[in-house]
Amino acid sequence: MTKNNSNKFSLKPFLVIWAVLTAIGIWISIKGTPWLMEKSASHQMHMAILTVIVFSVAAAPVAAGIYAVQIYALAKWRYKGEGVPPDAEPLRNNVKAVSAWIGVSALLTTFLLIWGLAALASDDNVSGPNPMTVNVTGQQWMWSFQYPIAETLLHHNVESNILVIPVNNQANFNVTSVDVTHGFWVPSLGVKVDANPGTVTTLSVVPNKPGWYDIRCVELCGLNHSAMITKAHVVSDKEFLTWLKEQPASPAAITTSVKN
Amino acid sequence: MTATIDLQKSHSPATNGGGFLRRLNFGTGIIFGIIGALLGYFLPHHFFDNQGSAFADQCTVISAVGWVIGFWFGIGALAGPFKWFLGWDQTHADEMYLAGKDQGKKRYWKYCTDHKVVGVQYLVLAMVLLGAGGILAMLIRTDLISPGSHFVNQQVYNSFLSLHGMLMIISLIIAVAGPWGNFVMPIQCGARDMAFPRLNALSLWTVVAAAVPLLTTLFIGGIQDGWTTYAPISIQTGIGMNTFAIAIITFVISTTVAGVNTVCTIMTMRTTGMSLDRLPIFTWASLIGGALGLYAMPFFATAMTMTILDRSAGTSFFSADSGGTGWLWENMFWLMGHPEVYVILIPAVGALLEIATVFSRKPLFSYKTAIGGMAGIAGLSILVWAHHMFTTGWAPQLGGPFMLTTELISIPTGIIFLVAVGTIWRGNLWMKTPMIWLMGFIANFIIGGVTGIYLSDIPVDNTMHGTMFVVAHFHYVFVGSVLFGAIGAVYFWFPKISGRFLDEKMGRISFWLAFIGVQVTFLAMFVSGLRGMPRRYASYQAIFEHTNVISTIGAYTIMAGMLVSLANIILSWRSGEPSGPNPWHSKTLEWLVPTPVPLENFEVLPVIESDPYTYGEKEGARA
Amino acid sequence: MSSDTIEHEASHGHHEAPEVVEGRQRLGIWLFIVGDVIMLASFIFTYLYLRGTNTGNGWMTYLQGDTNAANYGQPVHEKVLSAGFNWTITAVIVASAAVVWFGEKHLRAQQKGAGSFSLIAAVAGLLAIVASALTVIQLRSIDEHMPYHLLSQNVHEFTYTAYGSAEILLNGSSLLHLIVLAFLGFGLAIRASKGLVSSEGLKWSQARFVRFFWVWVALGSVITAAVTSLINK
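Chains as they are written, first to last, in this note's numbering: chain A, 508 to 767; chain B, 17 to 639; chain C, 37 to 269.
Hints listed in this document are in silico derivations from the structure and should not be mistaken for laboratory results. Here a beta-carbon is modelled for each residue, glycine too, at the ideal position from N, C-alpha and C. Among the hints, erroneous ones may be present.
[What the hints assert, rightly or not] Covered by chain C, per the in silico footprint, the following chain B stretches (three or more residues, Cβ under 8 Å):
1) 321-328
2) 331-341
[What the hints assert, rightly or not] Distance windows between CB atoms, simulated:
3) A:Leu518 with B:Phe167: 50 to 56 Å
4) C:Arg176 with B:His108: 45 to 51 Å
5) A:Leu581 with C:Leu238: 56 to 62 Å
6) A:Pro655 with C:Pro111: 25 to 31 Å
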């Protein structure tokens with residue numbers, strides 16, 4: 508422990524490791540994310556997928572940098588002798604490195620925040636033609652959907668256990684629960700909100716692709732939580748009206764549990 | 017009432033006199049606890065008519081409280097306040113007896129005030145609770161091995177996952193701060209014991225008192241509402257919720273007492289010359305973690321009190337029918353819940369940074385930045401709670417501000433990486449097992465941290481919230497990072513408590529099993545989440561099958577790794593290779609006292625003239 | 037694991053100055069009070085949050101759950117707890133804190149012994165018991181206006197509104213604190229009578245610690261009374 512043994516650091520091999528890892532990271536971010544995530548059928552889901560890609564690309568060089576140091580350190584700076592290694596050359600602080608690190612992370616954070624706020628604003632401002640309200644009610648352990656529009660068009664109530672909405676039109680969901688808290692989630696539409704007893708929460712979405720999609724409960728609601736799943740069917744305007752007319756008149760709208 | 021023991025009188029025999037108090041131990045604690053629980057159950061039956069719908073709830077609450085008080089009485093925790101009240105102050109012999117003098121191994125079963133005994137008790141307790149939580153994890157993963165598996169029914173499945181969550185949270189809170197915050201931290205400060213030794217024993221045995229009703233939950237029907245016990249389902253679920261809630265309130269008493277004790281020890285018990293800028297980084301981490309716990313945990317007690325009242329006294333804090341709201345629970349819970357994550361993380365980071373300097377043979381890089389990073393995390397963590405509530409519908413207009421505070425945390429968290437990397441930088445890396453766990457921590461914490469950033473972004477959270485993605489994210493933090501830190505700390509400090517090394521080979525096998533297991537389990541779980549699998553599903557659609565099978569295989573691998581480390585600890589404690597007092601040639605004070613560490617730690621209190629990170633520098637003159 | 041076999045030399049007396057010990061205990065008391073402040077803050081947060089949210093207009097209003105068909109489902113307004121009574125309790129608690137404050141001054145002014153501190157501490161403890169009794173009366177008065185529904189044969193089950201619930205939480209917490217204060221007050225009285233609390237050395241420091249906590253509880257009860265009497269309807 509008498510003489511300081513100073514390990515070398517050469518930039519070139521480090522940069523190579525870092526560049527390779529970054530490239531792999533970026534490749535996985537861009538190619539992998541759309542493959543791994545649910546297919547998008549709305550603007551919100553599109554933004555979510557895009558955001559994951561952007562954040563992954565931004566994170567790749569940072570994570571790769573840390574991994575590169577680990578790999579380089581394990582390859583080059585490992586003490587191979589017997590017993591306790593001699594002390595290394597002390598490095599108490601490096602103001603430039605610390606400032607640069609904090610500066611870069613602050614910049615990255617600012618970027619993430621601006622991106623996030625912009626994406627949030629674009630999600631919140633979703634609007635489409637023919638806004639239609641659907642009342643979503645969660646109860647242990649099923650979903651039910653009421654269509655107030657049926658009262659105007661058909662003069663009776665329509666209630667269904669699957670969600671049917673017309674494509675490219677705005678759907679506004681008023682979500683509530685009659686017992687415990689449930690979580691209303693249509694993965695492909697990228698929207699999610701809790702169904703709280705005694706309160707109505709709202710969501711708006713414009714589905715842009717027809718098809719059958721899953722609806723899942725995402726807030727633990729007791730025994731059959733995992734069976735509280737149903738389907739959403741996004742159809743054309745015409746198909747929607749046909750479907751609506753086919754539905755039997757439901758005896759009375761279940762009043763949501765909001766008390767006055 | 018003095019905290020330290022006057023040794024000038026120590027030649028008076030410490031075991032003289034018999035007396036009721038000196039016969040108390042863990043066994044009598046259990047006996048009186050059971051008596052208390054039975055009294056709590058039968059007295060209401062005797063005195064009240066049992067027709068109310070909440071009667072079963074009332075009885076279980078009283079019974080669980082009876083257990084806690086009975087256990088406290090039986091272990092001797094209530095003797096202090098009782099004696100204070102009557103003015104029967106402890107004699108010196110009493111204090112020596114409480115500190116475990118001349119009691120050999122028996123003192124580990126007693127209300128012992130010696131901080132080193134408490135540390136070892138915490139280590140064993142943390143391992144027991146981790147083991148129980150780990151078994152539940154294996155059962156959960158076994159159930160999830162196929163889409164519609166009926167390995168256990170849904171009620172049992174929900175109970176398993178709820179209890180798994182809470183057990184793991186409690187055991188990780190105590191996994192680093194318990195053993196090493198008690199055993200090592202006072203010595204690092206140059207203190208002879210904690211500031212309040214009796215409160216120290218109280219904090220340990222109160223965790224034991226909390227663990228029993230918590231585990232009992234499983235045998236009286238379990239709970240159906242997850243470890244987060246969201247209201248109003250927590251009001252609807254079975255009587256297990258009552259013992260669960262009492263267990264939490266009891267645990268909060270323990271963390272509060274421990275937090276006060278830790279902060280007081282560090283602020284007032286440091287030896288001459290141990291200024292705050294010479295304090296070892298683990299002690300700083302204990303200070304920050306302890307203070308944060310003191311802030312965060314009372315919210316949990318309040319929230320659980322309200323749950324108990326709603327269940328058994330007819331109040332409506334969470335019942336929308338008469339003016340309550342579940343959002344109240346969610347706010348209360350996460351006011352506690354997010355800081356608590358860092359109460360868990362910060363001590364583990366502190367321990368790992370100690371490991372980084374010792375095994376790189378270099379000073380800690382940018383000591384003050386490291387402290388600033390930990391303090392910054394702690395400070396910001398109390399302002400981020402609502403990021404757990406982005407999709408609950410509560411206050412959507414606050415989404416932006418909470419997104420800001422949450423993303424700001426990535427700056428101090430980045431500092432932790434900078435300090436770790438800077439310390440390793442051009443060091444002579446001594447790749448002993450503690451260092452290997454540190455490397456594993458760094459690799460995993462990157463993934464845990466980056467995935468947290470996705471979740472802080474509301475548009476992404478609208479997709480990810482409540483899915484397996486979140487589960488994988490926080491398991492990368494808790495298992496991949498905190499547990500790796502906790503195990504690294506065991507490998508690092510075990511020679512100090514036992515005088516023996518842990519076996520290197522077994523340590524490496526354990527590491528690789530755990531490290532590969534973590535990647536397999538939780539990378540596959542990320543995919544489950546991205547594909548849209550919600551968390552807490554007892555059965556799932558067939559599209560999630562492949563990733564779940566992989567996760568289950570990975571989980572068994574982690575368990576295998578943990579069992580190897582457990583076997584290592586048990587075997588090495590008996591017959592490990594002797595280590596001597598300072599096997600790692602470290603410079604913090606705990607390594608400079610003899611092993612085994614004598615009662616009161618120091619013959620003469622050291623005088624400190626530099627911080628303990630003088631590797632490669634001119635030998636600091638340390639007394 | 038045989039640390040107990042290591043003998044210390046008597047010459048290395050591990051004495052700490054009483055001032056050091058006192059300072060440490062003082063910090064400990066302050067930290068416990070910090071924990072208690074957060075607890076009270078969470079209670080008041082609950083009270084204000086429930087008032088602010090007023091889910092389904094149910095803060096103080098409930099629908100009649102009686103089996104009497106004529107009244108069934110009719111909204112009923114709960115009564116606000118008497119502010120005067122609440123402030124009376126608060127006044128008793130503040131008075132007890134003042135007694136402890138005065139007692140500590142009196143103790144420290146003594147040349148020797150504890151003077152009449154034992155008696156003063158007992159008076160403070162008694163005041164705490166009076167305040168607890170009044171708090172119990174106030175807690176019971178919440179029941180008077182509570183809605184109930186008939187569950188089965190003649191079993192009335194109360195359901196408190198959000199207001200009633202929050203008041204139960206605040207009063208229950210206050211009651212627990214008052215019991216602790218009574219314990220501390222009588223404990224000091226007994227200890228002073230045995231000479232364990234006196235003006236000598238730092239033997240008065242326990243009276244000081246108890247005073248810190250007592251004053252905080254009094255302050256907390258003033259805050260609670262102010263919040264609940266200003267913001268309730």
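Cross-check of the supplied hints:
Counting residues of the region 321-328 of chain B whose CB falls under 8 Å from any CB of chain C gives 4; the rule of at least 3 is met. For the region 331-341 of chain B, the assignment as covered by chain C holds, since 10 residues bring a beta-carbon within under 8 Å of that chain's beta-carbons and 3 suffice. Separation of A:Leu518 from B:Phe167 is about 54 Å and conforms to the stated range, judged on CB atoms against 50 to 56 Å. Taking the beta carbon of each, C:Arg176 and B:His108 are about 49 Å apart, inside 45 to 51 Å as hinted.
For A:Leu581 and C:Leu238, the Cβ-Cβ distance of about 57 Å falls inside the hinted range of 56 to 62 Å, so the restraint holds. In this structure, A:Pro655 and C:Pro111 meet the distance hint of 25 to 31 Å, their C-beta atoms being roughly 27 Å apart.
Going down the numbered hints, you'll see the structure goes against none, and every one checks out.
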